[in-house]
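So the chains spell out like this:
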Amino acid sequence: GENVEQHPSTLSVQEGDSAVIKCTYSDSASNYFPWYKQELGKRPQLIIDIRSNVGEKKDQRIAVTLNKTAKHFSLHITETQPEDSAVYFCAGIAYSGAGSYQLTFGKGTKLSVIP
Amino acid sequence: NAGVTQTPKFQVLKTGQSMTLQCAQDMNHNSMYWYRQDPGMGLRLIYYSASEGTTDKGEVPNGYNVSRLNKREFSLRLESAAPSQTSVYFCASSEIRVTGELFFGEGSRLTVL
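So the protein sequences, as listed, match chains Y and S. All the letters of the first sequence, read from the start, carry residue numbers 1 to 115 under my numbering. All the letters of the second sequence, read from the start, carry residue numbers 1 to 113 under my numbering.
For the record, the hints were derived by calculation from the structure and aren't laboratory data. Among the hints, a few may not be true.
Straight-line distance between alpha carbons at most 25 Å, and here's what the computed DSS-like set of lysine-lysine pairs gives [to be verified]:
(1) Y:Lys37 <-> Y:Lys68
(2) Y:Lys37 <-> S:Lys14
(3) Y:Lys58 <-> Y:Lys110
(4) Y:Lys71 <-> Y:Lys57
(5) Y:Lys71 <-> Y:Lys42
(6) Y:Lys68 <-> Y:Lys57
(7) S:Lys71 <-> S:Lys57
(8) Y:Lys71 <-> Y:Lys58
(9) Y:Lys57 <-> Y:Lys110
(10) Y:Lys42 <-> Y:Lys68
(11) S:Lys71 <-> Y:Lys107
(12) Y:Lys42 <-> S:Lys9
(13) S:Lys9 <-> Y:Lys107
(14) S:Lys9 <-> Y:Lys110
(15) Y:Lys68 <-> Y:Lys58
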């Protein structure tokens with residue numbers, strides 16, 4: 001099955017600085033890589049995703065890059081703001097047998113943006 | 001349009017008691033999921049239902065059962081609760097299995113004493 005590792009587990013940045021969170025995956029057949037944001041006490045919500053036919057995708061201050069050769073993908077947040085403080089999860093596809101696939105989440109990165 | 005609704009939001013059980021977490025979605029999604037979230041462990045899949053009438057085990061199914069009652073509803077049952085099942089449980093749904101956006105419920109915080 002898929003193994004998704006996420007680093008760092010905690011990250012503190014000054015407001016206005018950039019933040020980068022990295023994930024590695026083990027299954028070279030994986031082709032879909034979403035990122036979810038979970039604010040304290042709230043539900044996870046999708047913020048951006050990337051498919052394996054592209055190397056980078058941007059949406060305003062957030063971007064995701066994918067390196068299929070090295071089997072890693074990263075979330076980049078520029079010009080961080082206090083409202084970016086949250087736990088971020090990456091995910092990859094795990095093959096669970098008999099043609100069945102499921103998402104496997106990383107363990108999360110707690111991002112703190114210091115005003 | 002409420003999205004994904006879970007009940008109850010909070011529950012305290014004693015070891016050995018049973019309970020059912022209810023989940024309903026009004027987005028006409030085919031796939032539904034149950035995850036548990038523990039500190040430092042991320043989101044781990046317990047069971048999922050790719051479509052009405054089917055259910056499959058996820059990463060951590062032991063101690064749980066599920067029922068896909070109809071297209072809207074997917075319940076999670078703990079037959080004999082154990083302290084190790086203390087967790088926050090999230091139900092989710094998606095239109096396209098695996099590569100579709102997951103829409104999560106608000107979560108159910110379960111404590112087993």
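Hints, verified against the model:
The suggested pairing of Y:Lys37 with Y:Lys68 holds, with an alpha-carbon distance near 23 Å, which does not exceed 25 Å. At most 25 Å may separate the alpha-carbon atoms for a hinted pair to count; Y:Lys37 and S:Lys14 exceed this at roughly 33 Å. Taking the CA atoms of Y:Lys58 and Y:Lys110, the gap is near 21 Å; set against the 25 Å cutoff, the hint holds. Pair hint Y:Lys71 plus Y:Lys57 holds up; C-alpha atoms about 17 Å apart against a cutoff of 25 Å.
Restraint check for Y:Lys71 and Y:Lys42: the C-alpha separation of about 30 Å exceeds 25 Å, so the hint is violated. Between Y:Lys68 and Y:Lys57 the alpha-carbon distance is near 14 Å, which keeps this suggested pair within the 25 Å criterion. Under the criterion of a C-alpha separation no larger than 25 Å, the hint pairing S:Lys71 with S:Lys57 is consistent with the structure, at around 18 Å. Restraint check for Y:Lys71 and Y:Lys58: the C-alpha separation of about 19 Å stays at or below 25 Å, so the hint holds.
Distance hint between Y:Lys57 and Y:Lys110 is fulfilled; the C-alpha atoms sit about 22 Å from each other, no more than 25 Å. The suggested pairing of Y:Lys42 with Y:Lys68 is violated, with an alpha-carbon distance near 32 Å, which exceeds 25 Å. For the given pair, S:Lys71 sits about 30 Å from Y:Lys107 by alpha-carbon distance, which is inconsistent with the 25 Å threshold. With a C-alpha separation of about 12 Å, the suggested pair Y:Lys42 and S:Lys9 falls inside the 25 Å cut-off, and the hint holds.
Simply put, S:Lys9 and Y:Lys107 have alpha-carbon atoms about 23 Å apart, close enough for the 25 Å limit, and the pair holds. About 24 Å separates the Cα atoms of S:Lys9 and Y:Lys110, which keeps this hinted pair within 25 Å; it holds. Restraint check for Y:Lys68 and Y:Lys58: the C-alpha separation of about 18 Å stays at or below 25 Å, so the hint holds.
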